[in-house]
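Engineer: Chain by chain, the residues run as shown.
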Amino acid sequence: MNKESAQQSAILSIGGLRLTPDASGVLYESHEKLLIVSDLHLEKASSLARRGSLLPPYDTLDTLKRLSLVVDRLRPQTIISLGDTWHDTHGPSRMSDDNAAIFTALRKNMDWIFITGNHDPDPPHFSSARVMDEIQMGGVHFRHEPKIKITEPEIAGHLHPAAKLRAKGRSIRRKCFISDSTRCILPAFGSLTGGLNVLDKAFDPLFPEQKFLTHIVSSDQLFTVGPQSLVSD
Amino acid sequence: MTRVSNVAHSMLPEIFQSWFAARGWQPRAHQLELLDNASQGRSTLLVAPTGAGKTLAGFLPSLVDLSSLTPSALKKRGLHTLYISPLKALAVDIARNLETPVSEMGLPFTIETRTGDTPAHKRARQAERPPHILLTTPEQLALLLAHRHASQLFADLKTVILDELHALVTSKRGDLLALDLARLHRLSPSLVTIGLSATVREPIDLQRYLVPQLKNQAHQSELVCVTGGAQAKIGILKSAKRLPLAGHTALASMPEIYKAITAHHMTLVFVNTRMQAEFVFQELWKLNDASLPIALHHGSLDVGQRRKVEAAMVSGTLRAIVCTATLDLGIDWGDVDLVINVGAPKGASRLMQRIGRSNHRFDEPSQALLVPANRFEALECQAALGAVEAAAQDTPDARIGALDVLAQHILGMACADGFNTDELYDEICTASPYATLTREDFDRTLDFAATGGYSLRAYEHFAKIKQGRDGIWRIATPRAAQHYRMNIGTIVESTMLKVRLGRMTKAGTPQRGGRVLGEVEDYFAEGLVLGDTFIFAGEVLRFEGLIGNEVIVTRAAKGVDPKIPAYAGGKFPLSTFLAERVRAMLANEKEWESLPPEVSQWLEWQKEKSVLPKKGELLVESFPSGDRFYLALYPFEGRLAHQTLGVLLTKRLERARMKPLGFVCNDFGICVWALCDLGEAMRNNSLSLDDLLHEDMLGDDLEEWLSDSSIMKRAFRYCAVISGLIERRHPGQEKSGRQVTVSTDLVYDVLRRHEPDHILLKAARADAASGLLDLKRLGDMLKRIRGHVVFKALEKVSPLSVAVLLEIGRESVYGEAAEDLLADAERSLLEEAIG
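Residue numbers (my numbering), protein chains in the order written: chain A, -8 to 224; chain B, 48 to 882.
Take the hints with a grain of salt, since some may be wrong.
As the list claims (entries may be wrong) - Here are the simulated DSS-like cross-link-like pairs (lysine-lysine), alpha carbons at most 25 Å apart as the crow flies:
| no. | chain 1 | residue 1 | chain 2 | residue 2 |
| --- | --- | --- | --- | --- |
| 1 | B | K135 | B | K205 |
| 2 | A | K56 | B | K135 |
| 3 | B | K553 | A | K192 |
| 4 | B | K545 | A | K192 |
The hints are simulated quantities; they were obtained by calculation from the structure and are not laboratory data.
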């Protein structure tokens, strides 16, 4: 990589889009006023509760509130939710009225595109929102699951990338973006969604020879770190 | 013989009397006293040093009672006696020892053990047809009590014997056992309990633990104390080499330790951490020209290997074992004639317990050697010596029962017959750790166990326990019962990875091949980089890679030094009691004579260059060094309290714009350094020590730091597992690519933002405050030193502070916030790109 890209690593040029990874964990395209968020996993706690894990029932509220803050700050016109918006098919029916109201407010005066994910193959249709398996903008494909062989650039989610590094006797593990010049995978935005280490073999075919950068999200700051500084779980 | 024992002696059946006589023994007074108490239905705490025949004393009442039954009555008799031990190895060992008198007297009792290793079919049979005497652990007892037929199983239980009670009651396991005891007392109201304990500071705490507590009124068992025994012969090892100022390896003393081993038949070398054990073992073998059989024993070694060492020890084929706390408890491993304690003993009671391992014959003196690793530790060893001579004790205070353990117990009781809320609350309050439990906390814990205890009532449909129309709470689903059984217990291990010898393929990739050497904590394995060398299982190993959940290693070439530092200070903080003795020693020059010369000289220097604090004073020094300005404090309150103080002090200095950069501490003192001249700021009164060390630091400053600290997250993780919020990971459950379990850190963050007064946060907070931060001790110290702070502005480092400063590099220092480390990594990327 050359000097310039390292210094300006906070902006990703993928296809015809110039995307800024945001410290909140979303991706933003200021020219198109486009915000991309992935893996909200709404109603995850209530989904797990059905199987006996009574985790705090505040994840949906927490996720929506955090997203509302980002939206208020960046003021996008279009939001793409890159799939797994819901943790399971019945998620929408379990959502409380209060949370539904917040979600409705979030969609007001904005175009939403819900990409389908493996957790929500058939998400609910809201007015002024589209549901699609994939969408193309500026020569870039937006889909949930990254494809191994791509001929055109893509932006995806699904894998919940996380980076771990170790220094001075401590290890730190955080959600992150992982990208190269043709691909970017977003961290999971949902409050109770963890991460998969980017050194896991699941990432190997997507970023051969570990040529990638991670943009690590920590306490509302973003740090760009290369694979040589990372460790596996 | 006292009157009581005369009476009791006549109670001893003929067959027992002749058994004692045949061995040339006399029943001891305390054994008969226990027999007498038990026969009158009185519970008893027996406090006795090792070798006093404690075990036999505990079992004698049961054996006598069972021997009075006719063969047919015996056949019908269900469970008569439960024996609970903190270690499963101890339960197995005791069962073996019990077989001897029982078979020699021809008594037809059934005696069985039940541990996690007992096969499932045997455990099922034990619940159906129990033996007369069952030896088991607190976890297995909890499982039995959660059984549907628990009330029948324990209805005729007559005696419970609790071994090593002093060790059990200081942890959450003690809380769990207390709750189970409360249930046993209820199922079998005439139950007699017998507690066996080493000497403790407050036997009354244990006496209360043994019997049901009544409302607003303490209640305690009888107490039988065995005093005497020969005074132990303890010395401090004099090393030919000078004691270093810092460090914990005791490297300089290895030749003398080896010499002591050659002069005895069997030596136990106790150290405080696994890493120290590995180090000492390595060093001893370097000196072992005579090839004496010296072995290694610690908790991370493979079970098979540990059992081999133990067997060799019993058979007398070993000359020395280097070991950690795994051999602390009372397993009788044979003829030890010398105990060496390397490093600081940390507490007088712990030291006595270890010394007690030597010479199990009650009336002969134990031999012990203390080996300080640095000059501070020399002070501590001397203080411990004084404490042992004065037979002074420093065991910790009685616990307040933990709420996460209570949540687990509530689920268990719902799995059994079910419970009525008021009755269960009353029952739980009879357990001494829970005697002060408020109804509100109980109700909230019950609510937590049922539906998660959230103020947002979202999970009524998914309740784990439900109240029936009859008012009885029962487990809601078989799944919830299964979940409870799988998650029983209070010991949350950090994830362990197996260390396996491997080989390299031609392509240079590691491959599994050889045997498993043992286990390491995952945080240790995480720190390893390919090619790193470290000491484990007594060898220098080379890290070759991770395969699945195994650390693959090869043997390092001969002469290769371990690269990863394999030493660490003691895990246990210096006890309050010893700390006080050390402070008193510093203040009293007469006592310096008994110290090694380099230590007393070091104190002389300190007196000359700075000052030594008088009793009750806290010394604070300031001095410049390099381009930094240092502040050194010597509270002698132990590492944990010092770490907490370090964090809070740095925060205050930050607010005072002193630009603090970091701090380091050990068991004795703490050093903070900053960019601004701290000494000057004190002199011109822009910085006040009184303000800096004000107790109010334990208010908002603490809360602000704590809420986001990894300490709270760790405490929360333990509580989440114990209380059943998160499922335990079980061995064999391989990490799958996608994380299945939700990280407790994420749960913590969400819960803290939305329900900061949730009961589980309260439980985690209580744990962090007592276990990891030592808040009470810090608070007591701040109160104590108010108005007694001695400040000394120096031109350069003082002799005392050097010993603290040398910890830099060994200990992590402040300022390594996650974001700083990430920024470092980012910089290294930039440098690589530019360079």
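Engineer: Now tell me, hint by hint, if it's right for this structure.
Structural biologist: How the hints compare with the structure:
1. Distance check on the hinted pair: K135 of chain B and K205 of chain B sit about 22 Å apart at the alpha-carbon level, within 25 Å; holds.
2. Between the alpha carbons of K56 of chain A and K135 of chain B the distance comes to roughly 50 Å, so the proposed pair goes past 25 Å and is violated.
3. Proximity of K553 of chain B to K192 of chain A is assessed by CA-CA distance (about 22 Å); at most 25 Å being required, the pair is judged to hold.
4. Pair hint K545 of chain B plus K192 of chain A holds up; C-alpha atoms about 21 Å apart against a cutoff of 25 Å.
When the structure is compared with the earlier hints, a violation turns up for hint 2 alone.
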